[in-house]
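Protein sequences appear in the order of chains P and E.
For the first sequence, counting from 1, position 71 maps to 70 in numbering that gives the first Met the number 0; every step adds exactly one.
For the second sequence, counting from 1, position 196 maps to 195 in numbering that gives the first Met the number 0; every step adds exactly one.
Careful, some of the hints might be misleading.
Some chain E residues well away from chain P (every beta-carbon gap over 12 Å; in silico) [as the list claims (entries may be wrong)]: (1) Leu10; (2) Trp22; (3) Asn52; (4) Tyr56; (5) Pro60; (6) Leu66; (7) Arg85; (8) Pro93; (9) Thr96; (10) Ile138; (11) Lys187; (12) Ala235; (13) Ile244; (14) Leu296.
Below are the PhoX-like pairs computed for lysine-lysine, each with C-alpha atoms no more than 25 Å apart in a straight line [stated by the list, open to error]: (15) E/Lys49 <-> P/Lys168; (16) E/Lys187 <-> E/Lys123; (17) E/Lys221 <-> E/Lys124; (18) E/Lys270 <-> E/Lys48; (19) E/Lys48 <-> P/Lys165; (20) E/Lys49 <-> E/Lys270.
Computed far set for chain E versus chain P, every beta-carbon distance over 10 Å [to be verified]: (21) Gln82; (22) Pro134; (23) Leu258.
No wet-lab data here; the hints were simulated from the structure.
All of these numbers come straight from a predicted model, not from anything done at the bench.
All residues carry an ideal CB built from backbone N, CA and C; glycine is no exception.
Residues per chain, in single letters:
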Amino acid sequence: MQLGFLVDLHLCMGCKGCEVACKVENEVPLSTWRLRVKYVDVGMYPETKRTFTPLRCNHCANAPCERICPVSALHYIDNGIVNIDKERCIGCAGCIMACPYGAIYIDPETQTADKCTYCAHRVASSMMPACVVACPVEANIFGDLDDPTSNISKYIQDHKDTRVRKPEKGTDPHHYYVGGGDVNLNPLASERIEGYSLFSKLTHLPVGGHH
Amino acid sequence: MHTVVEATHALVTLDVALPGIVWGWIITMNMWAKSIGTGVIFMLFYLLKKYPNEAGYLRFPVIVVSLVFIHIFLLFTVLDLHQMFRFWHIFFHPHFTSAITVGAWIVTGLVGVLFLMAYMVFLKKDTVAFDKLLPWAVIISIPVTLYTAAIMAEATARELWQMPTEAVQMILAATLTGSATLILMGGKLPYVAKRDLGIVLGLSAAMAFLLYMSEMVFGPMKAEEVMATLQAVKGAGQYTTMFWIGQLMAFIVPMVLVLLSISSKSESLLKLAAILAIAGLWIVKHVWLIIPQLLNLS
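So here's chain P without its partners, still in its complex pose:
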């Protein structure tokens, strides 16, 4: 079994329901996110459009975070999920330096690394990840990539514009996007200027809170 994720960006409307569901389900502390939805506006007024991109751990087959972790706190489980053992983590932040997707953070409460686990605890109980359940338009598709009859496998087969983020890194991500372009998937293709956040002008936060 190899679990994977696919987001159909044609369907996503940026409601952030998945982001909130993830926060609640996993008790993700303030100032950190396992999953976030990024808005990028493209074009010049009046010819503009807004794109929405949910970003989470890619659960790579060749995961740099797993490789660099000195104590196997980051490890694969049988269903292909890259999981984390927070009791074992020493907080060296090597995984944060290695992840090309910026998907890992230091939990300010436990001072250990943390990230999306595809809700491994829910999957173990045969439930879908919280973000999948919360999505009102079924833009999140989760399932077994090894099973050709699974929804995710059929979706990938039916959509020729399926992409992953940063394929050149050789990480072999198990997280796919349909309908994504450079502005969605390449952070260097868009500009971040002061004040992009809706509620504050904070652009950066200290890693792990006060360390």
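Chain P is fixed; fit chain E onto it per the hints.
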């Protein structure tokens, strides 16, 4: 009327705040102290081979300096951990694909050999045993010097740090600071030995400078991430001034001073070059550590 849409004009309009610097000055201290701790071992080996009688008195002080700086390096390594009291996990739950783990184990071996050497030369007064252990210390010091480069190479997200360039930079940092430290410590050495150390210092500085400049010019031609990263040290970049102060202090001025000292046989100029190289290397390492972390990854 037809309107041209500037499709490439993309702006992030809503997102979370990004993480700040992950590995900061504590890691700079780590790399800098380790360069000195291993570099003096390399240089002591050279001096004892070439000037066995004149350099003999350096056996004990060099081991002390090496032990002190290796322990500064280890202290800052542990201080940087968010869960520093779990450091022992590296030894009881090791994961050997990680350069962090491999490095920690090898450094432990080096510390053991260094303490044994200190015991031989200080308590047993046995310089023969010391000299037999020295090649082993040199051999173990090589991976100790290199393993931080392996960590940087495993940091897949930071395109700027590539193997083998970083490995060469680590060795050059060790020979630069090792020769500089021994220039400052070797007051009783004959001038020819100091001149040799000066030549090692000057050549290390020249080669390291060449590598940095090559990266500056050719790196952006290969990868857009490197191009974006190096914007921080070009033009009005956030770290441009610091980068060039570091290059001047660590490499350019010491190279010139070594040339002047050789032509005038001035030991004072050599000492000035040594101090500048040691201080400048901290700045160089710091800038190169920080700038890839300024890049947004997602």
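Going down the list of hints, with the structure as the test:
1. Leu10: 5 Å, violated
2. Trp22: Contrary to the label, E/Trp22 does not stay out of reach of chain P, its closest Cβ about 6 Å off (not over 12 Å).
3. Asn52: 44 Å, holds
4. Tyr56: Non-interface label stands for E/Tyr56: nearest chain P Cβ at 40 Å, farther than 12 Å.
5. Pro60: 33 Å, holds
6. Leu66: Given a closest Cβ separation of 24 Å, the condition holds.
7. Arg85: 4 Å, violated
8. Pro93: 7 Å, violated
9. Thr96: 5 Å, violated
10. Ile138: 23 Å, holds
11. Lys187: Holds: least Cβ distance 42 Å, greater than 12 Å.
12. Ala235: 16 Å, holds
13. Ile244: 24 Å, holds
14. Leu296: E/Leu296 not clear of chain P: closest Cβ-Cβ about 3 Å, inside 12 Å.
15. E/Lys49 <-> P/Lys168: This hinted pair is violated, its Cα atoms lying about 47 Å apart.
16. E/Lys187 <-> E/Lys123: With a Cα-Cα distance of about 24 Å, the restraint between E/Lys187 and E/Lys123 holds, given a limit of 25 Å.
17. E/Lys221 <-> E/Lys124: Roughly 55 Å between the alpha carbons, so the hint for E/Lys221 and E/Lys124 is violated.
18. E/Lys270 <-> E/Lys48: At roughly 23 Å apart (the allowed maximum being 25 Å), E/Lys48 and E/Lys270 satisfy the hint.
19. E/Lys48 <-> P/Lys165: This hinted pair is violated, its Cα atoms lying about 51 Å apart.
20. E/Lys49 <-> E/Lys270: Distance ~21 Å between E/Lys49 and E/Lys270 Cα, so the pair holds.
21. Gln82: 4 Å, violated
22. Pro134: 29 Å, holds
23. Leu258: At about 39 Å from chain P, E/Leu258 clears the 10 Å cut-off, so the statement holds.
When the structure is compared with the earlier hints, violations turn up for hints 1, 2, 7, 8, 9, 14, 15, 17, 19 and 21 and for no others.
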